[in-house]
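**Q** Note that this note's numbering has the sequence shown beginning at 1, numbered continuously upward.
Calculated from the structure, these hints are not laboratory results. Among the hints, erroneous ones may be present.
Quick list of in silico lysine-lysine cross-link-like pairs, DSS-like style, CA-CA up to 30 angstroms [as the list claims (entries may be wrong)]:
1. Lys35 <-> Lys72
2. Lys35 <-> Lys87
3. Lys87 <-> Lys22
4. Lys22 <-> Lys72
5. Lys87 <-> Lys72
Cβ pair distances, simulated, as ranges [what the hints assert, rightly or not]:
6. Ala82 <-> Leu109: 26 to 34 angstroms
7. Asp90 <-> Glu70: 24 to 32 angstroms
8. Ala74 <-> Asp107: 28 to 36 angstroms
Using N, Cα and C, we set each Cβ at its ideal position, and we do this for glycine too.
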Amino acid sequence: MATHLETGRGGEQLAAEFLEQKGHQILERNWRWDKAEIDIISRDGDFLVFTEVKTRSGYPVPEAYETLDEHKMAHYADAAEAYLEWKDLDLEVRFDFIVVWLIPYRDPLIRHFPFAFNP
1 MATHLETGRG GEQLAAEFLE QKGHQILERN WRWDKAEIDI ISRDGDFLVF
51 TEVKTRSGYP VPEAYETLDE HKMAHYADAA EAYLEWKDLD LEVRFDFIVV
101 WLIPYRDPLI RHFPFAFNP
């Protein structure tokens, strides 16, 4: 049985592949700044996209989206600003959310929420 960390990393890999298929250029994975970790940073046209990925095993339930609280969104915004300064980028910023459900004996189910939040 996969550990919580292995399940999460597997979901992040599936999410990255999903974004690449949609035309995103993956720039960073698991980028850390201060107390925040951004799962995926990608470029989608004129947007620099910061994506939070949640992976769940079992059948789809709605609670994954509820993990985005104000505290976490504030950390994400701070980390995004730090990344833009570090890389000296001047792009529009977008915050996305992806939920990956790993369902036994079925293909994974992936739901992408572009513009999921605006801290």
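**Q** So, for every hint listed, does it hold in this structure?
**A** Consistency of the hints with the structure:
| no. | hint | in the structure |
| --- | --- | --- |
| 1 | Lys35 <-> Lys72 | holds (10 angstroms) |
| 2 | Lys35 <-> Lys87 | holds (19 angstroms) |
| 3 | Lys87 <-> Lys22 | holds (24 angstroms) |
| 4 | Lys22 <-> Lys72 | holds (26 angstroms) |
| 5 | Lys87 <-> Lys72 | holds (22 angstroms) |
| 6 | Ala82 <-> Leu109: 26 to 34 angstroms | holds (33 angstroms) |
| 7 | Asp90 <-> Glu70: 24 to 32 angstroms | holds (27 angstroms) |
| 8 | Ala74 <-> Asp107: 28 to 36 angstroms | holds (35 angstroms) |
Checked against the numbered hints above, the structure breaks none of them.
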